[in-house]
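The residues making up each chain are set out below.
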Amino acid sequence: MRKRLLIGVVAAVAGTLALVAGSYASGEKSARPSARGVLPAGSCAPVYYGPRYGQGRGGPKYIIASDLPMQGANRPQTTQMVAAIKYILAGRKFKAGKYTIGYQACDDSTAETGKWNSAKCTDNGRSYADDRSVIGVIGTFNSGCAKLIIPILNRAPGGAVGMVSPSNTGVGLTVSGLGANPGEPDIYYPTHKRNYIRVVTRDDIQGPAGALLAKSLKIKKVFILEDKEVYGHGVSTTFETAAKKLGLTVTGREAWDPKASSYEPLATRIKQAGANGVYLGGIICNNGTKLVKDLRSVLGTGVKIIGPDGWTPFSSLISGAGSAAQGMYVTVPGAPPESLKGAGAKFVKAFKKTQGGKSLASYVAYAAQSAVVLLDAIKRSNGSRSSVTAQLFKTNVKNGIVGSFKIDKNGDTNLAGITAYIIKGNDGKAIKAFYPTKKLTGR
Amino acid sequence: MVAEARRPPFTWLSGRSLPSVVPLIGLLLVLLVLVWLGINLYKTPADFFTVLLFGLTNGAVYGLIALGYTLVYGILELINFAHGDVFMMGGMITATFVTSVFSLHDYPSATSLWPAVLVTLAVAMAGCALLNATVERIAYRPLRHAPRLAPLLTAIAMSFIIQNIGLAWKGPAYVSTPPVLSRGTIFSLGGVTYTWNKLIVLLITVPVLLGLVWLVQRTRQGKAMRAAAQDRDAAAMMGINVNRTISFTFLIAGALAGAAGLLYVLYFTNIRFDSGFQIGLIAFTAAVLGGIGNLTGAVLGAVLIGLIQAFNEGLSWHAPGSSWTQSIVFSILILILVFRPEGLLGEQTPEGA
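Chains as they are written, first to last, in the numbering used here: chain A, 82 to 524; chain B, 1024 to 1376.
Just so you know, these hints were derived from the structure itself, not from any lab.
Since the structure is predicted, the reported quantities are computational estimates derived from the model, not experimental observations.
One or more hints might be untrue.
[What the hints assert, rightly or not] In silico DSS-like cross-links for lysine-lysine, where the CA-CA straight-line distance does not exceed 30 Å:
1) A:352 - A:296
2) A:475 - A:325
3) A:179 - A:274
4) A:302 - B:1066
5) A:427 - A:179
6) B:1193 - A:309
7) A:167 - B:1193
8) A:460 - A:479
9) A:167 - A:490
10) A:513 - A:309
11) B:1193 - A:299
12) A:326 - A:427
13) A:433 - A:352
14) A:490 - A:142
15) A:475 - A:167
16) A:309 - A:326
17) B:1193 - A:433
18) B:1193 - A:340
19) B:1066 - A:352
20) A:505 - A:487
21) A:505 - B:1193
22) A:439 - B:1066
23) A:325 - B:1066
24) B:1066 - A:301
25) A:167 - A:427
[As the list claims (entries may be wrong)] Where chain B lies over chain A, by a calculated footprint (3+ residues, C-beta under 8 Å):
26) 147 to 156
27) 333 to 342
28) 368 to 377
Don't be surprised by glycine CBs; every beta carbon is placed ideally from N, CA and C.
Based on the sequences and whatever the hints tell you, model everything.
This is the structure we're talking about:
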C-alpha cells in the first residue's frame, strides 16, 4: 500500500510539473488575475488602460489588440514592439479623439513551435471578430499568420475589423503577381472590401533589394535556400527573379528542414554547386541559427550569406549562431531606428530610455507607427468598425515616426527603401539602403 | 510475442506468404540506389566521401539513442517512447554545463575541455539513468501485467511530461552552445577532410557498443537480463530478481541516452525541448531497421539512416533533396515493418545479442 501511495505521490508531482509547464506555454506570465481583459487570457495580456496607471476613469470604450509571436526567437523584438505600442497609447492618454482606448497584447505563437502557429492565429482572429469592443488590430508579425486572420476579420460581425501590420512583407496579402500565389490577394477578402494595410514595404521590393545587395557584394553564383513557408517561398521567388535579371547565376534552390539535426550535407551540396553566395529565404525560428553555423563550417567565410528580415532580431541571430553570424548580411524593409529623422528620432530617443538604453530591434519604430496610424483612423471614424477600416485607407502621414508616407488602395505604403545590415560584434550595422527600380520589381 | 512478430507478412491474404515478387522488387530498389550512389561517386568523388563521413558521424549519434530503445525492447518488449525525451534532458544538462557551469567558449584548450566534458558526461549519464529508472518505476512497473496497450500509453504520456519539463526549464527557443569540439583536420585526401569532432563521436560510440555487448553477454548481470528476457517467470523461479534486473536495464538505457545527449549537443551544438521526439523517432526507425532487440543491428540501422539522410541531402546528381528526407526515412520504417519486421539482422532479445 505504501508503495502505491509513493507512486501516486510521485505521479502527482510529475503531473503538476507538466501542468506548470503547460501554463508556461499558454501565455504571458505577467497576466494579473484582477485585470483580466475582454480577449481570452490564454492568448492575450490583460487590458492596458489608464485607470490602472492613474489616467482616465472606468473601462475603455474600445480595445485595440496586437497580434505578435511573443515566444521563441522573436521574443526580444516583439516584447519591445508591445512596449512601443503601450508607449504611444499612454502618450495619447488612452484616447483616440473622443473615444477611450484600451490595449491587449495577444500572442499568436505557441511554446511548442516557438513561432507563429496556425491554430493560434485562427483562434485569435475569431476572438477579435467576436468581441465587438475590438475596434482594430495591430499585426500580424508573420505573413503566414496574416493570411489566416485577414479573412476572419474581413467578415467579422458588425463590419470588417481593420488591421495594420508593422512587419508583414508577404506579397500576396495585398497584390497579385510575382511572389504571390494564384488567387491572391482576393481570397483573403471574402466581402470584396479591403480591411488590411501595412506600414512596411512588400517582398517584391525586398527580394530585388537582396539581389542588388548580392551584386554589390560581387556574388556571381548564388544558391537559394527557403524554409517552405509562405513568406520564405515568396521572398525567395522575388529574389531569384531579380538576381537573374541582374545577371547572377542561380546555382540551385532547395528547402531546409527546420527539424534536421545537421545541415552540413546540404552545405556540401551548395559548395559543390560552386556558389559564392547563399540567400536564406525564411525565418530564424526555423532552426535558422543552426543552419548558419553549418553553412559557415562547411563553406567558410569566403561565401557570403544574405537573409531577408526574417533573420531579425539580430540579438537572437548573434546569440544563437555565435561567431558564425559575424559577417552575415540581412535586409530589412524601412530605415534603421538610429537613422530616423524628426518625429522618428524623437521617438527613438525617448522610447530607448524606457528600455534601459538597449538598442531597438528593427520593427519597433514600425510597431509605434502602426499604433499611431490605427489611433488616428479611430479618431477620424464614427466609432464603427467599418468606419475605422475605411479611414485606415485614407492614411496620409506627414513627418511620422518612419517618415512621410501614404497608404494606397491595396493597403500598401509608398515608402520603398530597404536597408542592408551586416552583423558585426553584438549588433547589425546598417551599410546601405536599396531602392529597386520598377524594371527589377516588375511593377 | 517474438514468435508472433516473426510471422511472415500477409498470411491473412492467402494463408501463405506473398509470392517471391516482393524480395525481387526490394532487390531492384536497392540496386537502383546503388547505381545512383555509384554515379554520384563517379561524378563527384570528393563530395561523395565528405557526405559519407557526415552520414557516418550522424548515424553514430543516432546509434547511441537507438541502443537504448533496443535494449529496453529486448527485455520488456516495450517501446519506451520516453527514451528520446530522456536523451533530450541529457542534451539540456550538457548545454547547461557547457554554457553556465564551465562557461566554455569556441574551441577551448584541451586542458579546460576534457575535464569539463568528463564531469558533464558523468552528470548527464547519472541524471538520465535515474530519470529513466524513475520512468520505469512510475509508469511501467505497476502495469507489468496489464494489457500491452497500457504501458504504451503511459510511455507516450511520460514522453510529453518530460518534454514539458524541458520546456519549462529551457523555454521554447533552441538552446545553442558554442562549438567546443576541435574541428582540426586529422587527414585531408583529395578534397576530403576528416576532422577531430567526427572522430570523437566514433571514439565514444564504438567503445560504448562493445562495452554493452560485453555487459549483456559476459557478465552475471547480463546473464540475468538475458534470462529475464527469455522467460520472466522462469527467471524469477531460478532466483533472479526480475524487477531489479529490469530497473538495471533502464538505468543502462538512461545512461546511454545521457551520453547520446552529451554527444549530440557537443557535435551538433544545439537542442530544443522537442528534439528528443523527432530524433527519438529516427532512432526508433534505426532500431527497427537493424532488428529491434538486436544491439549491433541498432547501430547498423542508425548508421544506415544517417547515410541515407546525408546522401539524400548532400549529393548533387538527382538527389531528392532535404524536403524529402523525413518522407524517405519514415517510408523505410513502413517498408521494413511490412516486409521484413524482423529487421536487417533479425529481431533478437538480449539472450542472443
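Taking the hints in turn, this is what the structure says about them:
no., hint, in the structure
1, A:352 - A:296, "holds (19 Å)"
2, A:475 - A:325, "violated (37 Å)"
3, A:179 - A:274, "holds (27 Å)"
4, A:302 - B:1066, "holds (21 Å)"
5, A:427 - A:179, "holds (26 Å)"
6, B:1193 - A:309, "holds (27 Å)"
7, A:167 - B:1193, "holds (28 Å)"
8, A:460 - A:479, "holds (17 Å)"
9, A:167 - A:490, "holds (28 Å)"
10, A:513 - A:309, "holds (28 Å)"
11, B:1193 - A:299, "violated (41 Å)"
12, A:326 - A:427, "violated (40 Å)"
13, A:433 - A:352, "violated (43 Å)"
14, A:490 - A:142, "holds (29 Å)"
15, A:475 - A:167, "holds (24 Å)"
16, A:309 - A:326, "holds (23 Å)"
17, B:1193 - A:433, "holds (28 Å)"
18, B:1193 - A:340, "holds (18 Å)"
19, B:1066 - A:352, "holds (15 Å)"
20, A:505 - A:487, "violated (34 Å)"
21, A:505 - B:1193, "holds (27 Å)"
22, A:439 - B:1066, "violated (53 Å)"
23, A:325 - B:1066, "holds (27 Å)"
24, B:1066 - A:301, "holds (24 Å)"
25, A:167 - A:427, "holds (16 Å)"
26, 147 to 156, "holds (count 4)"
27, 333 to 342, "holds (count 7)"
28, 368 to 377, "holds (count 4)"
Checked against the numbered hints given earlier, this structure breaks hints 2, 11, 12, 13, 20 and 22; the rest are met.
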